[in-house]
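Peer 1: Given the coordinates of chain A, work out where chain B should sit on it, guided by the hints.
Protein chains in written order, with our numbering: chain A, 1 to 410; chain B, 1001 to 1410.
It is worth saying that the hints were derived from the structure and are not from the lab. Check the hints yourself; a few may be wrong.
[Claimed, not checked] No farther apart than 30 angstroms at their CA atoms in a straight line, the calculated lysine-lysine pairs in the BS3-like style are these: (1) B:1127 / B:1179; (2) B:1407 / A:352; (3) A:179 / B:1407; (4) A:127 / A:157; (5) A:73 / B:1218; (6) A:218 / A:133; (7) B:1091 / B:1157; (8) B:1157 / B:1119; (9) A:179 / A:133; (10) A:317 / B:1407; (11) B:1133 / A:352; (12) A:119 / A:133; (13) A:157 / A:119; (14) A:133 / A:174; (15) A:73 / A:179; (16) B:1383 / A:383; (17) A:91 / B:1407; (18) B:1218 / A:174; (19) B:1407 / A:119; (20) B:1133 / B:1218; (21) B:1127 / A:383; (22) B:1407 / A:73.
[What the hints assert, rightly or not] Non-contacting residues of chain A with respect to chain B, defined by C-beta distances greater than 10 angstroms in every case (computed): (23) 59; (24) 92; (25) 105; (26) 127; (27) 136; (28) 171; (29) 207; (30) 232; (31) 281; (32) 336; (33) 353; (34) 356; (35) 366; (36) 393; (37) 405; (38) 409.
Glycine residues also receive a C-beta, built at the ideal position from the N, C-alpha and C atoms.
Each chain, letter by letter, is given below.
2 protein chains.
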Amino acid sequence: MDRKKILVLIFDGLGDRPISELGRQTPLQAARKENLDWFAANGINGLMDPIAPGVRPGSDTSHLALFGYDVFKVYTGRGPFEAAGVGIPVKHGDIAFRCNFATVDANMTVTDRRAGRIKGGTEELAKALDGMKLGEGTEVLFRAGTEHRAALVLRGKGLSPLITDTDPHEEGAKVLESKPTAPVAESTARAVNQFMHASHRVLEEHPVNAKRVAAGEKPANAVLLRGAGVVPNLEHVGERLGMRVAGIAGVALIKGMFRASGMDVLDVEGATGGLDTDMTAKARAAVEALKSYDLVVVNVKAPDVCGHDGLATEKVKTIERIDAMMAVLRTDLGPDVVVAATADHSTPVSLKDHSGDPVPLVVFGEGVRVDDVTRFDELSAAKGGLGRIVGRDLMRVLLNVANRAEKFGA
Amino acid sequence: MDRKKILVLIFDGLGDRPISELGRQTPLQAARKENLDWFAANGINGLMDPIAPGVRPGSDTSHLALFGYDVFKVYTGRGPFEAAGVGIPVKHGDIAFRCNFATVDANMTVTDRRAGRIKGGTEELAKALDGMKLGEGTEVLFRAGTEHRAALVLRGKGLSPLITDTDPHEEGAKVLESKPTAPVAESTARAVNQFMHASHRVLEEHPVNAKRVAAGEKPANAVLLRGAGVVPNLEHVGERLGMRVAGIAGVALIKGMFRASGMDVLDVEGATGGLDTDMTAKARAAVEALKSYDLVVVNVKAPDVCGHDGLATEKVKTIERIDAMMAVLRTDLGPDVVVAATADHSTPVSLKDHSGDPVPLVVFGEGVRVDDVTRFDELSAAKGGLGRIVGRDLMRVLLNVANRAEKFGA
Chain A
1 MDRKKILVLI FDGLGDRPIS ELGRQTPLQA ARKENLDWFA ANGINGLMDP
51 IAPGVRPGSD TSHLALFGYD VFKVYTGRGP FEAAGVGIPV KHGDIAFRCN
101 FATVDANMTV TDRRAGRIKG GTEELAKALD GMKLGEGTEV LFRAGTEHRA
151 ALVLRGKGLS PLITDTDPHE EGAKVLESKP TAPVAESTAR AVNQFMHASH
201 RVLEEHPVNA KRVAAGEKPA NAVLLRGAGV VPNLEHVGER LGMRVAGIAG
251 VALIKGMFRA SGMDVLDVEG ATGGLDTDMT AKARAAVEAL KSYDLVVVNV
301 KAPDVCGHDG LATEKVKTIE RIDAMMAVLR TDLGPDVVVA ATADHSTPVS
351 LKDHSGDPVP LVVFGEGVRV DDVTRFDELS AAKGGLGRIV GRDLMRVLLN
401 VANRAEKFGA
Chain B
1001 MDRKKILVLI FDGLGDRPIS ELGRQTPLQA ARKENLDWFA ANGINGLMDP
1051 IAPGVRPGSD TSHLALFGYD VFKVYTGRGP FEAAGVGIPV KHGDIAFRCN
1101 FATVDANMTV TDRRAGRIKG GTEELAKALD GMKLGEGTEV LFRAGTEHRA
1151 ALVLRGKGLS PLITDTDPHE EGAKVLESKP TAPVAESTAR AVNQFMHASH
1201 RVLEEHPVNA KRVAAGEKPA NAVLLRGAGV VPNLEHVGER LGMRVAGIAG
1251 VALIKGMFRA SGMDVLDVEG ATGGLDTDMT AKARAAVEAL KSYDLVVVNV
1301 KAPDVCGHDG LATEKVKTIE RIDAMMAVLR TDLGPDVVVA ATADHSTPVS
1351 LKDHSGDPVP LVVFGEGVRV DDVTRFDELS AAKGGLGRIV GRDLMRVLLN
1401 VANRAEKFGA
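So here's chain A without its partners, still in its complex pose (with noise of 0.2 angstroms):
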């Protein structure tokens, strides 16, 4: 059998539902898009619930469910994701939490949950916290994100995610000691009020805070944390799946749902994960990616951007960029590759948040069985050869087209 190679386009928050500005139509079906809609001409189509039907997925729960992980047994929060998406090297068995840099008084009171919203001067900090040795021999790994977001990484003996949060969730109130909920985490409790306290010193005293105050804004002079998940054990997609794989993505949190199943992260100039994201240099990054690899994965979050904002047109001019992104691939990609294109869930313009309804599914490529379906969309997609799948399901159905699948039985 002739074992192609997959592309695997994740549209994030692509699909939609009827919006009266648009005629009662979704972004999808108001969108003018030749080439999504090719793909769908000849390709077989159906819908895909991400995790489950009727299940509001997040993108970190849908990227493992498309990834075909057993999100119920692996996903353990959102704190290792958020940690591997800005850069800390994770491993099975750190915990790991989400962050803020806040603002606090001398009487360790959030003043403001945010720090006065900083955009500068966090990687310094960051700096100046990762690399600090706890008691117990447990290591500290810190990152900044974005604005006041960081991660934190504990790594030792014997930690547990069993701990309540430091982050008492509101302003007016004082940072919180963290406790067990099982008498497994007490040291771990330890570890993380033991960072609470020397964090706090040492920002307290960090020449980019002293800047700050001088300036009149307010110290990132704490950090608040919340979340806390162990890193599970992933079983790597490529060693799974047994193929070289890449994940091309302009947002952190992707990167790191790339980075936690194994594959290797290309970075493309100017896939910046906003509305502004130059998405034919990704199409064009990921065709000279599968030169390398046998399956890439897209992720191309601007519909999700215009989803989470309620932009009805802006989400239909996004399509008709994605569809120009699909010119490249219809041109560049040779018969020896399957392409997927699909979405991680729907966002929908109305709600400005995800949603349980299904998304579309087409897949391209020599050999699979091409239905009457001649529209990219959430209707359309129901007619098709496909039915209806959940994203566990997707990179089987894919192996199968690639003839990569192997036989269960003789």
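Peer 2: For chain B alone, kept in the frame of chain A given last:
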């Protein structure tokens, strides 16, 4: 997000197969039903397998699945739900039985398994048995059902359902001694046998039976037990979904399903569960209930009755009466309600019993992706935007449309 309320209409046994008498159409295809079709035309449609493709559901298992339970885990037999249906306040751990009032001779040989299809007086007979104390602290809860039917619940320590029936399931045979099928159930079998003999003595001497004998009727002088089942620990639907939930039904078994699932059971005058049931009264009661409940489930038994009785034209007429009910809902429901209309299973007229054929499902409400299906029937539904789902997904799908689904992940 604008959270909506949910109305679920379960037309019992509605699905069917092509019938010669109806020109090879199903009753749904043959009926004039402009309102049901209006909901189909303005909603999203699909097929639903109440349990799984090809599985022939009972009304009890299908309702549990439609409420979101994993029936393969929680279904412990019909006894517990029938007992709840006749109004016994069952508790987790109780052992419940389905019972017949029967006629036995002096030798305990069954001469009539239905006590001459006794109609009156069973409530008094039941009252004489209810509250009886057996050995080892076991209590008896006993209620009459319709005609010769009744339900028994044993409540006490160390009870087990692993025992054989006392019902010989044929006339001319002696009432059987219950036997444990595992050592753990020895004391339960003793309690059951004690109940069998004690109830016989009480019933023999009961004035209701004295009158029956005087009138030349067969006395209801024994209780036959079958289908022992332990009452499962069902997490209440309302707690699971975070909603106030009510159910409307005419028949005892379905009321029992509602009660066992923690729903409030609303009584509607004229809602009998038979062909003469007042369906528009149920519709009006549902509209009213939606003022104080978030989720209202309505069961309409009539189509199932037609299926079991093999009445094709009667099933068509019943669907036309259902359509009048839908007219009420079409006018009276506000945009704050999501409506699902479906069935708990198919009861084909040609089979006179339940079948494993999937049932049509329409979901109507603001925000659904309206597909191009214009008729509500088994084959039109197959072309809808929902594809094919299983019953256990129904609640999640509806929560999503109602903007009530919780996000899994971030």
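Peer 1: Which hints, by number, does the structure contradict?
Peer 2: Violated hints: 5, 8, 11, 13, 18, 21, 23, 33, 34; rest satisfied.
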